[in-house]
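Q: Residue numbers (this note's numbering): 3 to 341.
Fair warning: there could be bad hints in the mix.
With a Cα cut of at most 30 angstroms, we get these calculated DSS-like pairs of lysine-lysine [stated by the list, open to error]:
hint, residue 1, residue 2
1, K221, K283
2, K246, K51
3, K88, K56
4, K283, K246
5, K56, K81
6, K267, K56
7, K283, K56
8, K221, K246
9, K267, K246
10, K81, K51
11, K88, K283
12, K81, K283
13, K267, K51
14, K88, K51
15, K267, K221
16, K283, K267
Per label pair, the in silico range of CB-to-CB distance [claimed, not checked]:
hint, residue 1, residue 2, range
17, Q219, Q193, 20 to 26 angstroms
18, L48, Q193, 20 to 26 angstroms
19, K221, G37, 41 to 47 angstroms
20, D98, H248, 53 to 59 angstroms
Hints in this document: simulated from the structure, not taken from any laboratory. Since the structure is predicted, the reported quantities are computational estimates derived from the model, not experimental observations. Even for Gly, the Cβ is constructed at its ideal location relative to N, Cα and C.
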Amino acid sequence: MKSPPANAPTDDRPIITAQQHFLEQQREHFPNASGEFSWLLSGITLATKMIQAKVRRAGLVDILGAEGNVNVQGEQQQKLDVFANKALLHCLGVRDSVGVLASEENEEPVTLRANAGNAKYAIVFDPLDGSSNIDVNVAVGTIFSILRRPNPGDQPDSDPVRDLLQPGTEQVAAGYVLYGTSTILVYTTGQGVHGFTLDPSVGAYVLSHENIRMPPQGKYYSVNEAYCDSFPPAYRIYLDGLRKQHYASRYIGSLVADFHRTLLKGGVFLYPPTIDYPQGKLRLLYEANPIAFIAEQAGGVATMGRRRVLEIRPESIHERTPFMVGSRVEMEQLERCLR
3 MKSPPANAPT DDRPIITAQQ HFLEQQREHF PNASGEFSWL LSGITLATKM IQAKVRRAGL
63 VDILGAEGNV NVQGEQQQKL DVFANKALLH CLGVRDSVGV LASEENEEPV TLRANAGNAK
123 YAIVFDPLDG SSNIDVNVAV GTIFSILRRP NPGDQPDSDP VRDLLQPGTE QVAAGYVLYG
183 TSTILVYTTG QGVHGFTLDP SVGAYVLSHE NIRMPPQGKY YSVNEAYCDS FPPAYRIYLD
243 GLRKQHYASR YIGSLVADFH RTLLKGGVFL YPPTIDYPQG KLRLLYEANP IAFIAEQAGG
303 VATMGRRRVL EIRPESIHER TPFMVGSRVE MEQLERCLR
């Protein structure tokens, strides 16, 4: 009889929900905490349950297709983009500890309690990553990053943008939810990476992947090869080298889905600069930073080429960056090529 795979729950294993885990982690690492951070995280889990319920019914209700508007990124908004954005804004907006929210779908930050001393946190998120895949039933996701506001309540004319423009090293927590064959929440608070699978029978995220570690080397690379000719020469040389080593190409087109495979199976994900996007295409604050934080906590590496992603000080909330993330062996190979 085959033994269950690593990280898979067994019948005699105690069930630990995401909320229980948040509280246990808080008690262990921050014994004097009030519990408000766990309450904040529960707002994210609630919103993502609402989103996955809509994703599951796509095709049965009028939620597929374009909304008819273009967002600040110049991208066509999908109906599910709009719903996901509203769900997160609502569920996080009622948390007293949240002062500022910023989303891929909103040009400016949403200020909630900018001058309240107890509104300690700012949250940035991509409500529905990979939304162009929705109509063809391919995995999509939600990405979030939580920052501590430097001086909540100290300034009567507090600037919400200033609260958000912090390097990724200042993140308090980050995570993503993948809406795939099952719905999985992966998050870190700087104390390792943990994954939870939504159990629809009880309506709760249940611990399924404890202390995730990215393999030191994988056998897949993930990149949009249609743009290869517009990559800088060093990246083309690197990809040629991977092919000669018999790496297999895997590309879904949803950052969350491509990274989730890389996190569990190892390998590398690349979105290099191109002729059309010389500064990169992925957004630094709510895509690259949270994914980089998770990758590093799991033993991986994330760079914008020759520099660690988490060290970049952003200049705008929708700033873009090249982004490469993966296992140590593949990322060391890339570093040698870029030298």
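Q: Each of the hints needs a verdict: does it hold here or not?
A: Hint check results:
no. : hint                             : verdict
1   : K221 to K283                     : 25 angstroms, holds
2   : K246 to K51                      : 43 angstroms, violated
3   : K88 to K56                       : 13 angstroms, holds
4   : K283 to K246                     : 27 angstroms, holds
5   : K56 to K81                       : 10 angstroms, holds
6   : K267 to K56                      : 29 angstroms, holds
7   : K283 to K56                      : 28 angstroms, holds
8   : K221 to K246                     : 12 angstroms, holds
9   : K267 to K246                     : 20 angstroms, holds
10  : K81 to K51                       : 17 angstroms, holds
11  : K88 to K283                      : 24 angstroms, holds
12  : K81 to K283                      : 22 angstroms, holds
13  : K267 to K51                      : 26 angstroms, holds
14  : K88 to K51                       : 13 angstroms, holds
15  : K267 to K221                     : 8 angstroms, holds
16  : K283 to K267                     : 25 angstroms, holds
17  : Q219 to Q193: 20 to 26 angstroms : 25 angstroms, holds
18  : L48 to Q193: 20 to 26 angstroms  : 23 angstroms, holds
19  : K221 to G37: 41 to 47 angstroms  : 43 angstroms, holds
20  : D98 to H248: 53 to 59 angstroms  : 54 angstroms, holds
When held up to the earlier numbered hints, the structure conflicts with hint 2 and nothing else.
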